[in-house]
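Undergrad: All chains should be modelled from the sequences, with the hints used to inform the complete structure.
Read off the chains here:
There are 2 protein chains.
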Amino acid sequence: MARLGDEVSNKQVLLRDYVMGYPKESDMYLTTATVNLEVPQGSKAVLVKNLYLTCDPVMQFFMRQETDLTGYNRYTPRSPIFGYGVAKVLDSGHPEFKTGDLVWGTTGWEEYSLITETESLIKINHTDVPLSYYTGILGMPGMTAYAGFYEVAAPKKGEYVFISAASGAVGQIIGQFAKLTGCYVVGSAGSKEKVDLLKNKLGFDEAFNYKEEDDLNATLKRYFPEGIDVYFEHVGGKMLDAVLLNMRHHGRIAGCGMISQYNIDEPEGIKNLMHIVFKWIRMVGYTHRNYYHLYPKFLDIVLPYIREKKIVYVEDIVEGLESGPAALVGLFSGRNFGRQVVAVARE
Amino acid sequence: MARLGDEVSNKQVLLRDYVMGYPKESDMYLTTATVNLEVPQGSKAVLVKNLYLTCDPVMQFFMRQETDLTGYNRYTPRSPIFGYGVAKVLDSGHPEFKTGDLVWGTTGWEEYSLITETESLIKINHTDVPLSYYTGILGMPGMTAYAGFYEVAAPKKGEYVFISAASGAVGQIIGQFAKLTGCYVVGSAGSKEKVDLLKNKLGFDEAFNYKEEDDLNATLKRYFPEGIDVYFEHVGGKMLDAVLLNMRHHGRIAGCGMISQYNIDEPEGIKNLMHIVFKWIRMVGYTHRNYYHLYPKFLDIVLPYIREKKIVYVEDIVEGLESGPAALVGLFSGRNFGRQVVAVARE
Chain H
1 MARLGDEVSN KQVLLRDYVM GYPKESDMYL TTATVNLEVP QGSKAVLVKN LYLTCDPVMQ
61 FFMRQETDLT GYNRYTPRSP IFGYGVAKVL DSGHPEFKTG DLVWGTTGWE EYSLITETES
121 LIKINHTDVP LSYYTGILGM PGMTAYAGFY EVAAPKKGEY VFISAASGAV GQIIGQFAKL
181 TGCYVVGSAG SKEKVDLLKN KLGFDEAFNY KEEDDLNATL KRYFPEGIDV YFEHVGGKML
241 DAVLLNMRHH GRIAGCGMIS QYNIDEPEGI KNLMHIVFKW IRMVGYTHRN YYHLYPKFLD
301 IVLPYIREKK IVYVEDIVEG LESGPAALVG LFSGRNFGRQ VVAVARE
Chain F
1 MARLGDEVSN KQVLLRDYVM GYPKESDMYL TTATVNLEVP QGSKAVLVKN LYLTCDPVMQ
61 FFMRQETDLT GYNRYTPRSP IFGYGVAKVL DSGHPEFKTG DLVWGTTGWE EYSLITETES
121 LIKINHTDVP LSYYTGILGM PGMTAYAGFY EVAAPKKGEY VFISAASGAV GQIIGQFAKL
181 TGCYVVGSAG SKEKVDLLKN KLGFDEAFNY KEEDDLNATL KRYFPEGIDV YFEHVGGKML
241 DAVLLNMRHH GRIAGCGMIS QYNIDEPEGI KNLMHIVFKW IRMVGYTHRN YYHLYPKFLD
301 IVLPYIREKK IVYVEDIVEG LESGPAALVG LFSGRNFGRQ VVAVARE
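Chains as they are written, first to last, in full-length UniProt numbering: chain H, 1 to 347; chain F, 1 to 347.
Just so you know, these hints were derived from the structure itself, not from any lab.
Certain hints may be false.
Straight-line C-alpha distance at most 20 Å; calculated EDC-like pairs for lysine to aspartate or glutamate [what the hints assert, rightly or not]:
1. H/Lys271 - F/Glu66
2. H/Lys238 - F/Glu266
3. F/Lys179 - F/Glu206
4. H/Lys192 - H/Glu206
5. H/Lys211 - H/Glu193
6. F/Lys238 - H/Glu268
Computed footprint of chain H on chain F, listed as stretches where at least three residues anywhere in the stretch have a Cβ under 8 Å from a Cβ of chain H [what the hints assert, rightly or not]:
7. 133-141
8. 271-284
Backbone N, C-alpha and C fix where the C-beta goes; we use that ideal spot for every residue, glycine too.
TA: Following this line, the structure appears as structure tokens:
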């Protein structure tokens with residue numbers, strides 16, 4: 001077993017060069033470096049062993065040279081990529097973390113990371129739930145779902161709620177929050193399997209495969225004959241346009257992503273935006289990053305739901321760092337089934 | 001002078017037939033009916049002499065057969081059109097109004113109206129300001145500006161504020177609220193005269209004629225090198241798309257109209273809506289109708305501003321009911337200069 005101060009080998013996933021459009025597997029490559037398992041003297045860094053990493057749609061932007069990335073760091077060619085993960089502290093110069101702590105936050109796609117920017121790290125205090133959940137329902141997507149549902153759109157009992165990309169990391173949690181609140185909940189997804197998941201495992205009232213619908217306006221009218229009160233927006237484009245036609249007065253649209261629009265040269269124009277004015281709709285873009293102060297409140301709500309099995313969470317876990325690039329690339333063709341996780345090590 | 005119970009002639013502006021697209025003068029016609037200057041026994045109606053009427057962009061929709069008009073009444077062919085106005089009560093069966101009262105609210109385009117739907121009528125208690133102001137700064141546009149500025153977008157001192165259709169009934173008030181709050185304020189309008197008005201009379205920091213700008217994105221970058229915090233949206237289309245590119249993080253967009261989009265077969269697609277998500281923008285459609293309970297609070301703020309000449313208000317008054325149809329139609333070519341008012345009678 002590796003000990004403090006040992007020089008050990010460190011498998012890493014590196015970015016080959018800046019990417020245009022969707023990343024391909026060949027835009028990343030594996031290499032093996034070495035790492036000293038000790039935080040340099042006087043540093044406030046934290047040295048961790050990475051356990052679980054996740055694949056997020058936003059990571060594609062970090063691979064580009066040109067995108068406007070206010071508040072985010074870009075990847076550097078021939079350096080390890082990074083993202084949210086769960087890790088175990090091996091050594092720490094930081095007063096808040098000590099050897100043996102489990103943490104989640106931004107870490108490298110490698111076996112061991114020396115984390116110098118520790119602002120995103122949060123100590124894990126509850127380990128009676130799967131550790132990988134801190135990459136999902138108890139991590140960034142969970143916080144995003146919580147902020148979008150309880151802070152931004154705040155659907156009330158009996159309201160009509162629609163969620164696009166509903167089987168995704170955020171959508172599946174929002175849908176279950178909505179059901180627990182007593183809303184009528186419909187989700188859209190991109191395959192029969194995902195639709196089955198929504199209806200049979202996650203308890204959505206209805207779900208449909210958008211790829212099989214020719215006229216999304218008619219589809220939404222079928223599922224929402226009285227209109228939509230709250231829409232959780234994760235795709236943009238044609239779906240948003242159809243939703244606008246079907247929104248009710250005083251409706252709310254909460255958006256934390258528009259995945260259909262990320263990789264097209266010219267974004268699709270949204271034609272029905274006038275409905276925002278006519279129907280007094282509130283459309284709000286948000287990010288989990290503005291709600292970190294609510295993390296304890298969020299855990300108070302979500303941990304009991306998980307323990308009492310009132311919320312289920314679906315993960316798609318691949319084994320080994322070397323499976324990471326394919327898993328990340330798979331996000332953009334909808335290959336993943338639930339939260340895409342890469343298990344680097346189990347302990 | 002006409003007396004209670006007299007049968008008098010009543011000049012009226014009637015809708016000829018339902019209209020498609022922009023109304024033309026010939027879609028309306030004048031006629032002279034008769035009216036009995038007395039409220040029928042047992043009725044709770046109010047009989048008024050109309051003094052000032054106004055032309056609102058929304059009136060075009062009341063002329064159409066097909067538009068979805070939740071909460072609004074449509075005009076009836078061969079009946080008088082209606083809109084906001086100031087009137088004097090000649091007879092009343094309603095406990096809240098008595099002979100001699102001045103009121104503002106929805107009334108007919110005619111010399112005398114028997115108003116049976118009295119919900120919109122508000123008694124005028126302050127007559128030391130021009131009566132016609134109750135069609136504008138002290139009426140619906142004033143309430144709209146107040147709601148948009150203080151309740152919806154709430155710009156703070158030092159923020160960067162952009163207003164489209166800034167010389168319009170609502171825009172000119174919002175701009176002055178913004179200046180009084182200590183914001184940096186830029187407005188767009190459609191003529192050199194309107195731009196001069198904004199800069200020289202209404203105290204905007206800057207203003208431009210959008211018809212003379214080829215690249216609205218570049219224009220906005222010139223006036224807002226640090227971006228826009230709050231946008232008051234009255235036009236939609238290309239302007240909104242350019243604004244989205246220039247919004248700052250946590251920006252707010254308050255919309256009570258999108259006049260550029262009302263009469264085109266296919267609305268222009270808005271391509272930059274992703275910025276709402278990326279920059280955590282709040283875009284809110286609103287109407288004065290949801291804020292009537294704040295009317296006394298609104299008067300408390302605005303009446304002193306008017307009396308102390310801290311706010312000026314520009315009206316474009318035409319004389320006589322017969323000038324009404326041309327004035328209304330002129331709205332859609334931007335012919336009016338400030339709030340378009342039709343003076344039917346002065347007392």
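Undergrad: Please write out, lowest number first, the hints stated earlier that are contradicted by the structure.
TA: Hint 7 is the one this structure does not satisfy, whereas the remaining hints hold.
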